[in-house]
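Number of protein chains: 2
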Amino acid sequence: MVHLIHHSSSPQSRKMRLIMAEKKMSFALKEEEPWKLSENTRQINPAEELPILIFDGNVICGNNAITEYLEESNSQYKLLPENLKDRAEVRRIMDWFDTKFYNEVYKYIVAEKIIKRFRLKEAPNSRILKAGLNNLKYHMEYIEYLADKNNYLVGNEITLADLTAAAHLSIIDYLGDIDWDEYKNAKLWYAKIKSRPSFRKILKDNIRGIPPSSHYSNLDF
Amino acid sequence: MVHLIHHSSSPQSRKMRLIMAEKKMSFALKEEEPWKLSENTRQINPAEELPILIFDGNVICGNNAITEYLEESNSQYKLLPENLKDRAEVRRIMDWFDTKFYNEVYKYIVAEKIIKRFRLKEAPNSRILKAGLNNLKYHMEYIEYLADKNNYLVGNEITLADLTAAAHLSIIDYLGDIDWDEYKNAKLWYAKIKSRPSFRKILKDNIRGIPPSSHYSNLDF
Numbered sequence: 244m245v246h247l248i249h250h251s252s253s254p255q256s257r258k259m260r261l262i263m264a265e266k267k268m269s270f271a272l273k274e275e276e277p278w279k280l281s282e283n284t285r286q287i288n289p290a291e292e293l294p295i296l297i298f299d300g301n302v303i304c305g306n307n308a309i310t311e312y313l314e315e316s317n318s319q320y321k322l323l324p325e326n327l328k329d330r331a332e333v334r335r336i337m338d339w340f341d342t343k344f345y346n347e348v349y350k351y352i353v354a355e356k357i358i359k360r361f362r363l364k365e366a367p368n369s370r371i372l373k374a375g376l377n378n379l380k381y382h383m384e385y386i387e388y389l390a391d392k393n394n395y396l397v398g399n400e401i402t403l404a405d406l407t408a409a410a411h412l413s414i415i416d417y418l419g420d421i422d423w424d425e426y427k428n429a430k431l432w433y434a435k436i437k438s439r440p441s442f443r444k445i446l447k448d449n450i451r452g453i454p455p456s457s458h459y460s461n462l463d464f
Numbered sequence: 244m245v246h247l248i249h250h251s252s253s254p255q256s257r258k259m260r261l262i263m264a265e266k267k268m269s270f271a272l273k274e275e276e277p278w279k280l281s282e283n284t285r286q287i288n289p290a291e292e293l294p295i296l297i298f299d300g301n302v303i304c305g306n307n308a309i310t311e312y313l314e315e316s317n318s319q320y321k322l323l324p325e326n327l328k329d330r331a332e333v334r335r336i337m338d339w340f341d342t343k344f345y346n347e348v349y350k351y352i353v354a355e356k357i358i359k360r361f362r363l364k365e366a367p368n369s370r371i372l373k374a375g376l377n378n379l380k381y382h383m384e385y386i387e388y389l390a391d392k393n394n395y396l397v398g399n400e401i402t403l404a405d406l407t408a409a410a411h412l413s414i415i416d417y418l419g420d421i422d423w424d425e426y427k428n429a430k431l432w433y434a435k436i437k438s439r440p441s442f443r444k445i446l447k448d449n450i451r452g453i454p455p456s457s458h459y460s461n462l463d464f
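For the protein sequence lines, the chains are A and B, in the order given. For the first sequence, our numbering gives the first residue as 244, with consecutive numbering after it. For the second sequence, our numbering gives the first residue as 244, with consecutive numbering after it.
Take these hints with a grain of salt, some might be off.
Since copy identity is lost for identical chains, a pair holds within one copy or between any two.
Once the Cα atoms are required to be at most 30 Å apart in a straight line, the calculated DSBU-like pairs of lysine-lysine come out as [said to hold, decoys possible]:
no. : residue 1 : residue 2
1   : K266      : K343
2   : K359      : K435
3   : K279      : K350
4   : K266      : K328
5   : K328      : K373
6   : K373      : K430
7   : K328      : K444
8   : K364      : K350
Hint data in this document are derived by calculation from the structure and do not stem from the laboratory.
Can you make the complete structure from the sequences, with help from the hints?
The structure is reproduced here in C-alpha cells:
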C-alpha cells in the first residue's frame with residue numbers, strides 16, 4: 244500500500260495527491276501538521292518537510308524526487324510529454340511555481356494566514372499579506388498569458404505543469420485571495436483542472452479552524 | 244554551439260557547468276551579474292534568474308528543467324543511476340541542496356557577502372552571517388554522515404547529487420567559510436570531486452572585487 248504523509252496547507256502535498264490520482268494509483272493519506280511534525284516523520288525525513296511517500300518499506304522525500312519517481316514508476320498515464328524540449332518547458336513551469344510562486348506568494352499569504360497562526364499563535368501581518376497579494380497579481384497575469392497560448396499550460400494535454408500550478412493556486416483559492424474575474428483565461432484553465440476527478444478530494448479539504456472560501460469547491464465559480 | 248548565461252555566485256550556474264563538463268559537452272559561458280541582468284536576459288527568462296541554457300535558438304530556464312534536460316539529452320555519460328529508488332535518492336539530495344541548503348546557508352552567507360554588497364552597496368549584517376554559519380555546521384554534519392556511508396553521496400559512482408552539493412559548497416568555500424578540518428569524511432569527498440577535470444574551471448573563478456579564500460583552488464587543502 245502507498246501512503247502519503249501530507250498536509251492540506253502544503254502545495255507540494257497537494258501536487259502529489261493530484262499526480263497519484265491522475266495516474267489512478269490507490270493510496271492512503273496520513274495528515275500531519277507541518278508546524279508540529281511527529282518524531283517519526285522527522286526521523287524518516289531529515290529535511291523535516293512534507294510530503295513523504297511511503298510504500299513497501301521504502302521512503303521517498305523531496306519535492307522533485309517524489310514527482311519524478313511517480314512519473315518514472317508509472318508509465319501508463321504519462322504527465323510529461325515525450326519531446327525533450329517540451330519536458331523542459333513543463334519542468335520550467337514546475338520550477339516557477341515550486342520556487343518563485345512559493346517564495347513570492349505562498350511564503351507571504353499562506354505562511355502568514357495559516358503557518359504563523361498555528362505555530363506562533365499570532366495574527367497575520369497586514370503589510371506582509373499586502374505584499375503577497377501584490378505579488379500574486381503578477382503571477383496571475385503570467386498564468387493568464389500561458390493559458391491564452393494553449394489548452395493547457397504546455398501544449399494540448401494535461402502535464403505536471405498544470406497539476407503543480409493548480410496545486411499552488413488551490414491553497415490561495417481556499418483562502419479566497421484570487422480575484423478570478425480579473426483573469427479570464429486563467430479562470431477557464433483552472434475550471435478545467437478543477438473539474439477533473441483527480442481534484443475532487445482536494446475540493447473537500449478542510450484545514451482545522453480555517454474554513455474554505457465560499458466558492459472554493461464550486462466548479463462554477 | 245551551446246551557451247550558458249551564468250554567474251560564479253550562482254550555485255545553480257556552477258552545477259550546470261559541472262554537469263556539462265562531466266558530460267564532455269563543449270559550451271561557451273556568458274557572464275551576467277544576477278543583481279543587474281540585461282534586458283535581453285530578463286526577456287528570455289521571465290523568472291529573471293540564472294542560469295539559462297541556449298542552443299540552436301532554443302532557450303531552457305529553470306534549475307531542474309536544465310538539469311534534467313542535460314541528463315536526458317546526453318545519455319553517454321550518465322549522472323543519474325538506473326534504479327528508480329536510487330534516482331529518487333539522488334534527486335532528494337539535489338532538492339536538499341537546491342532548496343534547504345540554499346535557503347538556510349546561501350541566503351544568509353552568499354546573499355549577505357556578495358549580492359547585498361553589489362546590489363545595495365551595503366556591508367553584510369553580522370547577525371545574519373552568524374546565523375548562516377551556524378546553519379552551515381548542521382549541513383556539513385549531514386554531508387559528513389552521507390560521505391561516511393559511500394564513496395559518493397549516493398552509492399559508488401558520481402551522480403548529480405555530488406555535483407549539486409559540490410557546486411553549492413564551492414561558493415561557500417570561495418568565501419573561506421568552511422572549516423574542513425572539522426569534517427574528515429566530507430573533506431575527503433570534496434577533495435575527490437574537486438580534483439576532477441570538470442572542476443578545473445570552477446577553481447579559476449573570480450568574482451569581481453571579492454578574491455577567493457587562500458585554499459580555494461588548492462587540491463590539497
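Hint-by-hint comparison with the structure:
In this assembly of identical chains, K266 and K343 lie within 30 Å of each other by CA distance both inside one copy and across copies; the values are 27 Å within and 29 Å between. Proximity of K359 to K435 under the C-alpha cut-off of 30 Å is found in neither arrangement, the shortest distances being 32 Å within a copy and 43 Å between copies. For a Cα distance limit of 30 Å, the shortest separation of K279 from K350 qualifies both inside one copy, at 18 Å, and across copies, at 25 Å. Both within a single protomer and between protomers do K266 and K328 lie at most 30 Å apart by alpha-carbon distance, with minima of 23 Å and 19 Å respectively.
Taking the closest pair of Cα atoms, K328 and K373 never come within 30 Å of each other, the shortest separation being 37 Å inside a single copy and 42 Å across copies. Taking identical chains as interchangeable, the C-alpha atoms of K373 and K430 lie at most 30 Å apart only when both belong to the same chain, with a minimum of 22 Å there against 46 Å between chains. In this homomeric assembly, K328 and K444 come within 30 Å of each other (Cα to Cα) only across copies, at 28 Å, whereas the closest approach inside a single copy is 32 Å. Taking the closest pair of Cα atoms, K364 and K350 come within 30 Å of each other both inside a single copy (17 Å) and across two copies (26 Å).
Checked against the numbered hints given earlier, this structure breaks hints 2, 5; the rest are met.
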